[in-house]
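With these hints in hand, go ahead and build the complete structure from the sequences.
Number of protein chains: 2
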Amino acid sequence: MKNTQFLLAKRPVGTPTRDNWEQVESDIPELGPNQVLVKIAYISLDPAMRGWMNDGKSYIAPVKIGEVMRASTVGEVISSTSPDYREGDYVFGHGGVQQFAVSDAKDLHKIDISIAPLERYLGVLGMPGMTAYFGLLNTGQPKEGETVVVSGAAGAVGTVVGQIAKLNGCTVIGIAGGKDKCQYLVDELGFDGAIDYKSENVKKALKTLCPEGVDVYFDNVGGEILDDVLTQIRMHARIVICGAISQYNNTASVKGPSNYLSLLVNRARMEGIVVFDNVKHYGEAAEQMAKWIAEGKLKAKEHVVKGIEHFPETLLMLFNGENTGKLVLKVDNE
Amino acid sequence: MKNTQFLLAKRPVGTPTRDNWEQVESDIPELGPNQVLVKIAYISLDPAMRGWMNDGKSYIAPVKIGEVMRASTVGEVISSTSPDYREGDYVFGHGGVQQFAVSDAKDLHKIDISIAPLERYLGVLGMPGMTAYFGLLNTGQPKEGETVVVSGAAGAVGTVVGQIAKLNGCTVIGIAGGKDKCQYLVDELGFDGAIDYKSENVKKALKTLCPEGVDVYFDNVGGEILDDVLTQIRMHARIVICGAISQYNNTASVKGPSNYLSLLVNRARMEGIVVFDNVKHYGEAAEQMAKWIAEGKLKAKEHVVKGIEHFPETLLMLFNGENTGKLVLKVDNE
Chain D
0 MKNTQFLLAK
10 RPVGTPTRDN
20 WEQVESDIPE
30 LGPNQVLVKI
40 AYISLDPAMR
50 GWMNDGKSYI
60 APVKIGEVMR
70 ASTVGEVISS
80 TSPDYREGDY
90 VFGHGGVQQF
100 AVSDAKDLHK
110 IDISIAPLER
120 YLGVLGMPGM
130 TAYFGLLNTG
140 QPKEGETVVV
150 SGAAGAVGTV
160 VGQIAKLNGC
170 TVIGIAGGKD
180 KCQYLVDELG
190 FDGAIDYKSE
200 NVKKALKTLC
210 PEGVDVYFDN
220 VGGEILDDVL
230 TQIRMHARIV
240 ICGAISQYNN
250 TASVKGPSNY
260 LSLLVNRARM
270 EGIVVFDNVK
280 HYGEAAEQMA
290 KWIAEGKLKA
300 KEHVVKGIEH
310 FPETLLMLFN
320 GENTGKLVLK
330 VDNE
Chain W
0 MKNTQFLLAK
10 RPVGTPTRDN
20 WEQVESDIPE
30 LGPNQVLVKI
40 AYISLDPAMR
50 GWMNDGKSYI
60 APVKIGEVMR
70 ASTVGEVISS
80 TSPDYREGDY
90 VFGHGGVQQF
100 AVSDAKDLHK
110 IDISIAPLER
120 YLGVLGMPGM
130 TAYFGLLNTG
140 QPKEGETVVV
150 SGAAGAVGTV
160 VGQIAKLNGC
170 TVIGIAGGKD
180 KCQYLVDELG
190 FDGAIDYKSE
200 NVKKALKTLC
210 PEGVDVYFDN
220 VGGEILDDVL
230 TQIRMHARIV
240 ICGAISQYNN
250 TASVKGPSNY
260 LSLLVNRARM
270 EGIVVFDNVK
280 HYGEAAEQMA
290 KWIAEGKLKA
300 KEHVVKGIEH
310 FPETLLMLFN
320 GENTGKLVLK
330 VDNE
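So the protein sequences, as listed, match chains D and W.
Residue numbers 0 to 333, in numbering that gives the first Met the number 0, belong to the letters of the first sequence in order.
Residue numbers 0 to 333, in numbering that gives the first Met the number 0, belong to the letters of the second sequence in order.
Hints listed in this document are in silico derivations from the structure and should not be mistaken for laboratory results.
Incorrect hints may have been included.
Copies of the same chain are indistinguishable here, so a pair counts whether it falls within one copy or spans any two.
[Unchecked claim] Calculated lysine to any residue pairs in the SDA-like style (CA-CA distance at most 20 Å, straight line):
#	residue 1	residue 2
1	Lys254	Thr230
2	Lys203	Leu30
3	Lys109	Gly55
4	Lys56	Met234
5	Lys279	His235
6	Lys38	Tyr89
7	Lys56	Glu211
8	Lys203	Ser57
9	Lys165	Lys300
10	Lys142	Pro82
11	Lys202	Ser57
12	Lys300	Ser257
13	Lys290	Glu75
Structure (structure tokens):
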């Protein structure tokens, strides 16, 4: 039994290309004590992966050259030397971009596929869902009646942010690329409005849709859109910096928000979040989200691409805005 | 009796020049009910004045063309139709850049020159002192043992921020322009270190002086220095955005902080402040500051330039970094 793996072959400059990766067929190592062999079913594709490919200090160590690319994964236990896991269990872990992963038992979490399908544990019930939940509620602190704007609104995190904001009694405006995505946000997810940044003037549209200004802005994209929203924030606004996908493939330096002095004028704040800080509370959040899903109040959507061999080009879909909902790579082709 | 006034003649592009101002000799209007005529002794010169000269929405309305330039002032009451003020009282107000001001009694505050000299009520005991006090303590929230960095450190606000941080048990590093200012911060005000941004590499110096990183950064300058500090912040750092004097005379757009994603990596926040929000608590703060001054724990320094006719060029000293401590314009020449 061979294991198809994607290794980081060299660090990208700008947008990653196929030659940043090396696809190899490896042997599966023997299990040590308290280890688990997982057959990976779905691999999570996240904007943050672009950052992990860079060298330098960040919130997490970079992936090393020659290492299997880091990724969250869900799959089925094939064999185990841990008393806590047995064949047939379904687990979440950080298995990486490969078909099979050997993990320490302590790094895995069991998942219950009677509550939700396997891939959903990479989306609403996984990191993106947790990011949305804690980022919005703890850092954004939306109050009933306030206006919440989210960028990357049709993505894995954005779709959840908007829906949780609605559940908290807010007016919610999403910013996304393309008519279809915008329609999806309003028609399917119940957003109060959506702005297609590819065809609309974002600043003008915000003025129309948020006449009293923006109380909470959940930013996944950075760049010009962050600057546009900064011009429309309200007194004591909270800006949650979750990511800056528009800047991750920059070869020049990141575009800083020129309008940041709006923070001063409006006594507003901008705060960065990293989901891992909330690990102790994932359980409560997942329970709440599963309840909302069961009640039909929170809709989940995964965008599934099949075949691990398509990993390099599938990852780029994130940066080209080609996915709606959570982008996952299904390891096999069926 | 004539009143020398400086009116805003036209809005500046970039650095203000003499022709942005019109110097006029006016009559002093009769007092209406509950009004006070004040002979202004000192005019406060503040970086914020540059912003008030611009058109457009901000935290305060712009000064109109043809209006007396807005400024905080201290002076002596000459005549009054208010029962609350009488000839010989000393008052703080927003008298503007002129020799005499007619103010509504409700817009003035009596000051006690037995506690501190008149001009100090424009500095440590005035807006700059309040800005430092509330900005640092309420928004920066420094804890004992933390490292506080302040830019514009030798200015009216910076000198007070640093000293209050020291009084709160912090390690304090100031960033200022020039050897003399840096020496003053360390030798006279008890800062733990100072960085001369004109001759040193700020990022390198921060690494040396703040080996564990920066917990609180009080920013008066913006621009490159904000970006340098962002690379050195510590987990959960607080950045207080008080001003951005390096950017006020820009003719191009403001330089946004390219390194703002350090907020994400470090789960840090950046928050804007406007001193006026604390008006209800000025009394407590002034009392505390006066106590510190009396105990010799807080040093005050004013940089006095004489002669209202020198207003235009004296204002520019702020942007050229020519003042140490609070810059005030003494109305008369003696």
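Hint-by-hint comparison with the structure:
1. Lys254 to Thr230: both (16 Å within a copy, 15 Å between copies)
2. Lys203 to Leu30: For lysine 203 and leucine 30, the Cα distance exceeds 20 Å both inside one copy (59 Å) and across copies (47 Å).
3. Lys109 to Gly55: Answer is neither; intra-copy 33 Å and inter-copy 56 Å both fail.
4. Lys56 to Met234: Between copies, since 13 Å is at most 20 Å while 34 Å is not.
5. Lys279 to His235: Intra 29 Å, inter 18 Å, cutoff 20 Å: inter-copy only.
6. Lys38 to Tyr89: Cα proximity of lysine 38 and tyrosine 89: one copy only (10 Å, versus 81 Å across).
7. Lys56 to Glu211: So lysine 56 and glutamate 211 pass the 20 Å test across copies only (14 Å; inside, 40 Å).
8. Lys203 to Ser57: For lysine 203 and serine 57, the Cα distance is within 20 Å only across copies (19 Å; inside one copy 35 Å).
9. Lys165 to Lys300: within (17 Å within a copy, 53 Å between copies)
10. Lys142 to Pro82: neither (46 Å within a copy, 46 Å between copies)
11. Lys202 to Ser57: This pair counts as between: shortest inter-copy Cα distance 17 Å, intra-copy 32 Å.
12. Lys300 to Ser257: So lysine 300 and serine 257 fail the 20 Å test inside a copy (35 Å) and across (33 Å) alike.
13. Lys290 to Glu75: neither (24 Å within a copy, 69 Å between copies)
Violated hints for the displayed structure, listed by number in ascending order: 2, 3, 10, 12, 13.
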